[in-house]
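Visitor: Residue numbers (full-length UniProt numbering), protein chains in the order written: chain A, 1 to 372; chain B, 1 to 351.
Hints may contain errors.
Unchecked claim - Ranges between beta-carbon positions, derived for each pair: (1) B:ARG59 / A:GLU326: 50 to 60 Å; (2) B:GLY36 / A:PHE349: 49 to 59 Å; (3) B:LYS12 / A:PHE226: 15 to 25 Å; (4) A:LYS188 / B:GLU292: 44 to 54 Å; (5) A:ALA289 / B:ARG59: 33 to 43 Å; (6) A:LYS188 / B:THR133: 49 to 59 Å; (7) A:ALA315 / B:HIS253: 50 to 60 Å; (8) B:GLY280 / A:HIS346: 55 to 65 Å.
Calculated directly from the structure, the hints in this document are not laboratory data.
Note that the Cβ used here is the ideal one computed from N, Cα and C, for glycine as well.
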Amino acid sequence: MTAIDPTAHLSAEQIEELGRELDAIRDEVIASRGEKDAAYIRKVISAQRKLELASRGVLLFSFFPPAWLIGTAGLSVAKIMDNMEIGHNVLHGQWDWMRDPKIHSTTWEWDHVSPSEQWKHSHNELHHTYTNVIGKDNDLGYGIMRVDEDQAWHPVHLGQPLWNFLNACFFEYGIAAYDLELGKNLNKRRRKNPEFRARAKAVGRKIRKQVLKDYVIHPLLSGPSFLTTLAATFTANLVRNIWSHSVIMCGHFPEGVQIFERRSIKGETRGQWYLRQMMGSANISGSRAMHFMTGNLSHQIEHHLFPDLPSNRYAEVAVKVRALFEKYELEYVTGPLPKQVFSAWHKVFRLSLPNKKPKVKTPDREQELVAA
Amino acid sequence: MTSTALRSRAWKLLEMVTTPLLPSDYLDLVSPLRAGADLRGRIEAVHPETGDAATIVIRPGRGWRGHTAGQYVRIGVDVDGVRLWRAYSLTSPANRSDGRVTITVKAISDGKVSNHLVRRAKPGTLIQLDQATGDFVLPQAKPAKVLYLTAGSGITPVMGMLRDTEFDDVVMIHSAPQPQDVIFRDELHDLVADKKLRLTEVYTDTHGMLDIARLDGLVPDWAERETWACGPAGLLDAAEKHWSEHGVPERLHTERFRPSIVVAGDGGEVTFSTTGKIVGADGATPLLDIGEKAGVLMPSGCRMGICFGCVTPLKDGAVRDLRTGEITEAGPGVLIQTCVSAAAGPCDIER
Ligand code: FES
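Could you put together the complete structure from these sequences and hints?
Guide: Here it is in structure tokens:
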């Protein structure tokens, strides 16, 4: 919550008009969704599978250093593709309109230790509905970090740069723990809750399978390359984790992104919801390859406005969305990856230390409406 | 260890290798028609039959169990990126030597799939298949005399029969708007020239609709014939009445192509088929709310159309997307987000 509300100049009518203009952008994409888009996702999926197969094949000879390098690089990219452009987006229902049961949010499973069912709940539902609302959206700091000046400081926060680094390295486990809401569910009473136990079991099963595949079966199949394959898989997972953590940090943490109070979303209209998504997200600028490798989450603002539009369309949507930002005189937070990553990390460091409480509060949108 | 046990062990190991995917996800990339895969087919050729009908030659996957002449098959085709399923009669004989099967499709106005198949389908395209089904088939014991009564594309299952089994005495009455609309006309005339068929063509543009009362004149011994009829509902209704009135209803076999007519209006009766609850719904209330109010356990999440936590099969009827106004009709594989869909007429939700 910054001292000055950057949307204060907009009237309630303007906000609703903005909502209608965004709806129109959405309708346009939906009306033109078709064969080309379907061909795109099929091509990406098939490329991912082939790359993964080929890389695993090369790793059978990973005792030979060049093979290790090529195989590890290939596997890292394949894992990133699986999680980002494919998994994340399929699980958002972006491709459900194709009615292909194999590429559907209800059937997809990804190369990740968090079962897709649980991730869909914490991500699609909690994070996307309550984007950047303190206390409601746990993506803000994942419950382990202080991400806003207004949050009370505690000496524990001194360690948050370290937690954040560890979270980056083992991001998929962090996400699984986060989806389970481990922090609050591990207390004595909640731990016994059968619903929680069932979900914890599902995560355990998924972890077992993933670990068995990556660190036992594939290394064993490599015979003499056992150790090098093991190291390669570990490296690929590490690369994938750090990469996705970086991309995701850039989505909501960089300076300039707004954070909202719980009471500010009471009775939120569609226009206000859109506005919150616009102010609560940040983009990464870059080449097409960069957008692809981030699963188009470099278009985080567009993704948050329209989480179920096919990812390959965000680039064209971004042009129109950006024009709306200009029209309504709002700040479109974007920048190249290194800058955004630095900005997000800077915040993590800065907020690990105590600060003075800001004096001016965000005007309460609800009160404003009542007054209007 | 038996070989099946060994094989299932090996398969388990393979599943561990490919987790969280299945081995088939990889195998499908190279061999989508292999045994054990989901049943698919590949379009190998498209032969135009008339101005608006074409025969599609399909190589079915290894899992295809064959068909009996007169049966139909459901196929799933991707039209503009969306998988749509339709049923078509098989027009090939049951044991074609090359193992291919054919369907013959007439493009109907506004028919998404039929127009796509007749005008745009390309050889090489993969389609989804179901096993052949339907009981509009010939009996084991050969009847002495046969009558085929068809109209329009109703000729397709009968063509499968004609090509499959020869009878000593076969009469066919077929009606179509004009001569050039008769699908398989050349082949029918060849059969006539070879004395394998007696054919009467009725052109509805000039002769008017086929009146069942004219049957006595066209085929005096119709009542003695085992009859297979396929065509529009009006013709079949008339035929069923005629055969019953003459006390020989068991001689008549009919096949109805029932294009499901969906009434898309505002609201309607909603059936929650799993729980058996039936409630009325207006055209503006999300089905999620309707279900919850009726005490049906409805999955949900954001309740605003973004989390896909409420996705549920639509088994019958039509719903309207409250955001876009778009109508979605029921069909296999059709799932809807109940939180942003309202009843657009009677519908059936699997909950
Ligand atoms: S409840 Fe979230 S999409 Fe319907």
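Visitor: Flag every earlier hint the structure violates by its number, smallest first.
Guide: 4
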